[in-house]
Amino acid sequence: MLPIPLCEKLLAAAMSRGADFAEVYAERNEFTAVTLEEDKVKSAQNGLSQGVGVRVISGPRVGYAYSDDLDEEALLRAAKTAAFIAQSKGSERSYDVRRTPLPTFYRLDEHLANVDVAKKRDLVVRANKAARAYDKRIKQVMATWADSTKHVLIANTDGRLAEDTQDMCRISTMVVAEGKNGERRTGSYGGGGRVSFKHFDTFTPEIVAKEAARQAIAGLGAAEAQAGQQTVVLAPGWSGILLHEAVGHGLEADFIRKGTSLFAGKLGQKVASDLVTVIDDGTVANARGSLNVDDEGNPAQFKVLIERGELKGYMYDSLNAKLMGQKTTGSGRRESFKHLPLPRMTNTYLAPGEDTPEDILRSVDKGVYCANFGGGQVDITNGNFVFEVSEAYEIKKGKLGRPLKGVTLIGVGPEALKNVTRVGNDPKPDPGMGTCGKDGQSVPVGVGLPTLRIDDMTVGGTKLGGAR
Amino acid sequence: MSTNYGALAKKIVQRAIKKGAKQAEAFLQVGRNADVRVRDGEIEDLTQATSKGVGIRVFVKNRLGFVWTSDFDPSAIDTLIDRAIALAEMSAPNPLNGLPDAKDLGKFPNVGELFDKRVADLPPDWKIKASIEMEKVIRSFDPRIKTIDSVGAGEAVSEVYLASSAGVHGSYEGTSVYLYASPVATDGAQLQTSYWYDAKRFFEDLDSPENVAKKAAARAVRLLGAKKVKSAKVPVIFDPTMAAGFISNITRAMNGDAVFKKSSFLASKLGEKIAPSHVTITDDGLRKRGLATSPFDGEGVPTRKTNLVEGGVLKAFLYDAFTARKAKMKTTGNAARGYSSLPSIGVNNLVLEPGKRSPEDIIKEIPQGLYVTAMLGHGANTVTGEYSRGANGLWIENGELTRPVQEVTVAGSLTDMLQQLDAIGSDLTFHGSTGASTIRFKELTVSGE
Numbered sequence: 001m002l003p004i005p006l007c008e009k010l011l012a013a014a015m016s017r018g019a020d021f022a023e024v025y026a027e028r029n030e031f032t033a034v035t036l037e038e039d040k041v042k043s044a045q046n047g048l049s050q051g052v053g054v055r056v057i058s059g060p061r062v063g064y065a066y067s068d069d070l071d072e073e074a075l076l077r078a079a080k081t082a083a084f085i086a087q088s089k090g091s092e093r094s095y096d097v098r099r100t101p102l103p104t105f106y107r108l109d110e111h112l113a114n115v116d117v118a119k120k121r122d123l124v125v126r127a128n129k130a131a132r133a134y135d136k137r138i139k140q141v142m143a144t145w146a147d148s149t150k151h152v153l154i155a156n157t158d159g160r161l162a163e164d165t166q167d168m169c170r171i172s173t174m175v176v177a178e179g180k181n182g183e184r185r186t187g188s189y190g191g192g193g194r195v196s197f198k199h200f201d202t203f204t205p206e207i208v209a210k211e212a213a214r215q216a217i218a219g220l221g222a223a224e225a226q227a228g229q230q231t232v233v234l235a236p237g238w239s240g241i242l243l244h245e246a247v248g249h250g251l252e253a254d255f256i257r258k259g260t261s262l263f264a265g266k267l268g269q270k271v272a273s274d275l276v277t278v279i280d281d282g283t284v285a286n287a288r289g290s291l292n293v294d295d296e297g298n299p300a301q302f303k304v305l306i307e308r309g310e311l312k313g314y315m316y317d318s319l320n321a322k323l324m325g326q327k328t329t330g331s332g333r334r335e336s337f338k339h340l341p342l343p344r345m346t347n348t349y350l351a352p353g354e355d356t357p358e359d360i361l362r363s364v365d366k367g368v369y370c371a372n373f374g375g376g377q378v379d380i381t382n383g384n385f386v387f388e389v390s391e392a393y394e395i396k397k398g399k400l401g402r403p404l405k406g407v408t409l410i411g412v413g414p415e416a417l418k419n420v421t422r423v424g425n426d427p428k429p430d431p432g433m434g435t436c437g438k439d440g441q442s443v444p445v446g447v448g449l450p451t452l453r454i455d456d457m458t459v460g461g462t463k464l465g466g467a468r
Numbered sequence: 001m002s003t004n005y006g007a008l009a010k011k012i013v014q015r016a017i018k019k020g021a022k023q024a025e026a027f028l029q030v031g032r033n034a035d036v037r038v039r040d041g042e043i044e045d046l047t048q049a050t051s052k053g054v055g056i057r058v059f060v061k062n063r064l065g066f067v068w069t070s071d072f073d074p075s076a077i078d079t080l081i082d083r084a085i086a087l088a089e090m091s092a093p094n095p096l097n098g099l100p101d102a103k104d105l106g107k108f109p110n111v112g113e114l115f116d117k118r119v120a121d122l123p124p125d126w127k128i129k130a131s132i133e134m135e136k137v138i139r140s141f142d143p144r145i146k147t148i149d150s151v152g153a154g155e156a157v158s159e160v161y162l163a164s165s166a167g168v169h170g171s172y173e174g175t176s177v178y179l180y181a182s183p184v185a186t187d188g189a190q191l192q193t194s195y196w197y198d199a200k201r202f203f204e205d206l207d208s209p210e211n212v213a214k215k216a217a218a219r220a221v222r223l224l225g226a227k228k229v230k231s232a233k234v235p236v237i238f239d240p241t242m243a244a245g246f247i248s249n250i251t252r253a254m255n256g257d258a259v260f261k262k263s264s265f266l267a268s269k270l271g272e273k274i275a276p277s278h279v280t281i282t283d284d285g286l287r288k289r290g291l292a293t294s295p296f297d298g299e300g301v302p303t304r305k306t307n308l309v310e311g312g313v314l315k316a317f318l319y320d321a322f323t324a325r326k327a328k329m330k331t332t333g334n335a336a337r338g339y340s341s342l343p344s345i346g347v348n349n350l351v352l353e354p355g356k357r358s359p360e361d362i363i364k365e366i367p368q369g370l371y372v373t374a375m376l377g378h379g380a381n382t383v384t385g386e387y388s389r390g391a392n393g394l395w396i397e398n399g400e401l402t403r404p405v406q407e408v409t410v411a412g413s414l415t416d417m418l419q420q421l422d423a424i425g426s427d428l429t430f431h432g433s434t435g436a437s438t439i440r441f442k443e444l445t446v447s448g449e
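Residue numbers (the numbering used here), protein chains in the order written: chain A, 1 to 468; chain B, 1 to 449.
Hints are computed from structural coordinates only; laboratory data are not their basis. Please note that a few of the clues may not be correct.
DSS-like cross-link-like pairs, simulated, lysine-lysine; straight-line CA separation at most 30 Å [to be verified]:
| hint | chain 1 | residue 1 | chain 2 | residue 2 |
| --- | --- | --- | --- | --- |
| 1 | A | K266 | B | K146 |
| 2 | A | K129 | B | K262 |
| 3 | A | K266 | B | K136 |
| 4 | B | K326 | A | K139 |
| 5 | B | K227 | A | K438 |
| 6 | B | K129 | B | K288 |
| 7 | A | K180 | B | K315 |
| 8 | B | K136 | A | K40 |
In this text, all values refer to a predicted model and were calculated from it rather than measured experimentally.
Using the sequences and the accompanying hints, generate a full structural model.
Structure follows, in structure tokens:
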């Protein structure tokens with residue numbers, strides 16, 4: 001992408017005011033998308049984003065500048081702008097970088113950018129057809145294909161040079177079903193990851209579309225959820241979003257260093273039930289959150305965050321690691337060259353337990369089964385989290401009952417984790433559709449969970465009375 | 001402003017037509033931005049950048065192709081135009097496709113000044129000093145404030161150039177400047193944070209660093225000791241920032257595309273009374289110095305002011321050219337976009353007209369209720385009309401704000417919530433481009449214990 005001598009020249013310019021560290025991050029990202037709605041392929045699109053960001057660190061100060069002009073003059077200007085925060089005497093030193101060998105957690109037979117757009121279009125056409133064929137009450141179908149092939153180069157004054165090509169794709173389908181008296185229910189499903197195009201030979205658009213349609217139809221005639229504290233059972237897979245929100249974010253090192261997370265200073269302490277082991281693993285083959293190398297040039301890692309309820313570790317990028325006297329965990333990620341890296345999750349999972357999903361359901365006399373989640377959000381400071389449950393059923397005497405609508409789960413991270421009373425033996429990753437937002441930056445992530453029972457969870461709803 | 005970019009946009013359109021597009025459009029953005037955050041009286045990070053990009057939309061035999069790039073190299077752009085025309089082959093022909101009709105184009109309105117030279121020339125020193133001042137004010141506000149998530153300041157200058165074969169060529173340049181702070185308070189047992197910011201086009205309109213810092217600090221400290229409350233149906237008040245969020249949520253149901261697809265709970269309600277008479281909501285693309293004010297929308301249609309709800313009656317939906325054609329309506333100049341996306345319906349400056357009563361007056365009448373100052377989750381479903389979000393705030397007891405509350409949800413149906421909106425305060429506050437006052441719902445379900 002950038003010639004190595006130019007990288008070295010930029011590093012020298014970035015260090016011209018005597019900083020501790022400098023880094024060049026270059027990126028070229030090609031996007032393709034096809035959208036379908038109202039029975040028609042609406043658009044096919046291509047995009048190209050490329051640019052270079054230069055970061056300079058001097059003590060606790062960070063300077064950052066980026067440019068989408070790749071000529072030497074513009075890049076040198078960016079390097080000097082980033083150097084502004086350093087104020088000691090410069091030196092004439094030069095910096096050599098050397099290529100770091102990288103592991104391979106995703107190897108595609110063909111980069112997604114090179115796959116014929118017509119093939120991508122055919123997937124959304126098939127998804128539309130399958131969703132409409134599922135049930136005549138399906139009135140609206142939106143199907144989208146999106147892929148990107150991103151090439152990154154990272155060079156820094158530690159002498160590191162890392163380059164990686166990161167493909168990513170996702171097919172998604174959103175449907176609206178219409179029932180009696182104009183009742184409307186939505187369903188959505190999708191998936192992908194750092195996978196070859198042939199992944200969709202088995203994870204077919206028909207599977208995706210039918211699942212979206214099934215959710216919408218299943219929700220028709222749903223009853224109002226009862227508000228108050230209840231026992232909840234989470235379905236395996238995508239429900240892992242709860243873990244991502246409820247604990248994951250609070251274990252990111254920037255929040256720990258600043259003391260703004262309620263998990264700060266709690267290493268070695270009991271923060272969850274004995275049944276809870278939480279892992280963040282950037283090395284899962286072909287998963288959406290996996291990285292051969294993070295956006296600071298460090299290899300992704302397998303990290304145990306919570307082991308049998310005990311807080312074991314945090315997720316570090318290199319800056320926070322350095323300021324805290326720790327080592328990076330390969331968790332430095334950024335949305336693009338327009339952003340500074342932040343400590344972020346990759347693929348975050350709850351380790352499996354010993355109960356069968358059937359036993360877990362049978363153990364609940366009265367509660368709510370959460371089959372699918374919309375989105376969630378967390379306040380990492382007070383630990384409050386919220387989830388919209390897009391598909392829910394009541395549980396009565398160990399069996400699934402009527403579908404419920406308008407269910408929201410709310411809680412405080414560690415309290416909810418202490419109330420985990422059963423963990424299933426059925427671990428399941430999500431199908432590859434998660435995107436995580438933090439400080440205005442979006443990055444792809446994976447989540448996963450076995451069937452899980454949590455007691456005393458606050459369920460938001462519109463119906464009052466008789467709770468518990 | 002550089003005339004070169006305007007010329008480049010025109011040239012792209014000409015090239016695309018020459019290469020076989022029936023219609024073509026180039027939407028070009030150029031910008032620069034700078035942001036500073038401080039910690040312990042020193043720079044934490046300082047970011048400065050320039051960026052640019054162009055989105056090229058072509059129509060070939062009623063088929064749409066779209067490409068975008070940040071690379072302005074002439075040969076790269078030329079290759080990309082070919083690509084756009086090839087991509088059009090992939091999409092379905094639709095006679096409704098195309099640039100806005102001639103009758104919807106025309107003279108751009110006079111929207112006043114959007115560019116402040118003082119903001120464009122703001123030195124880094126001002127941002128550093130303002131941020132350090134905010135940090136000091138926050139630290140001395142209350143001993144229980146122990147740390148700060150972030151405190152900073154920044155500005156952005158952006159230019160937009162649009163050219164299309166429908167005969168549009170226009171440009172505008174705007175500035176924005178902002179301050180933000182999010183302190184964290186602790187009482188030993190609990191941590192609470194809050195957030196406050198101000199963003200304006202003109203420097204002289206910007207709130208002082210001291211005010212921003214004090215508001216942020218007060219909002220964090222007053223949540224200390226927050227607890228759940230018992231589930232109940234009670235009156236609920238949203239402060240102006242939460243009210244602005246509610247108004248944005250409601251307005252998503254007024255998106256003409258959602259309405260056409262019957263994916264909006266308001267789809268069949270045009271002309272009906274959906275709220276009490278004191279509720280008036282406007283989408284104002286012309287608001288003087290508004291952050292979302294511009295002379296034309298993402299496809300060159302002149303912007304305007306649209307009354308969405310007037311005296312409680314649903315008056316209009318928002319349209320771009322394509323959706324308007326589909327729904328046999330007129331575009332309202334609400335095609336929103338950046339260079340890397342196709343136009344789609346969005347809002348300009350949204351305003352809930354303020355009422356006459358003070359917020360204190362509105363709170364005073366409540367024997368038991370919830371005053372909401374922060375929310376979590378995205379739980380406003382404008383398709384089904386269901387609303388359920390996590391809420392933090394203060395419990396109201398005998399007309400007074402008393403103990404802090406967290407870990408509860410407020411829920412209702414959006415249809416009912418609009419009808420229940422029984423009081424609007426006089427304290428109109430703009431948070432970004434949406435302005436609203438304190439609002440009260442007669443009764444919502446609060447779920448806690």
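Quick rundown of the hints versus the structure:
Restraint check for K266/A and K146/B: the C-alpha separation of about 17 Å stays at or below 30 Å, so the hint holds. Distance hint between K129/A and K262/B is fulfilled; the C-alpha atoms sit about 20 Å from each other, no more than 30 Å. The hinted pair formed by K266/A and K136/B meets the criterion: a straight-line CA distance of about 28 Å does not exceed 30 Å. Taken as a hint, the K326/B and K139/A pair is honoured in the structure, with Cα atoms around 17 Å apart against an allowance of 30 Å.
The hinted pair formed by K227/B and K438/A meets the criterion: a straight-line CA distance of about 26 Å does not exceed 30 Å. A hinted pair counts as satisfied when its Cα atoms are at most 30 Å apart, and K129/B with K288/B qualifies at roughly 29 Å. For the proposed pair K180/A and K315/B, the alpha carbon gap of about 27 Å is at most 30 Å, so the pair holds. At roughly 57 Å between alpha-carbon atoms, K136/B and K40/A are farther apart than 30 Å, so this suggested pair is violated.
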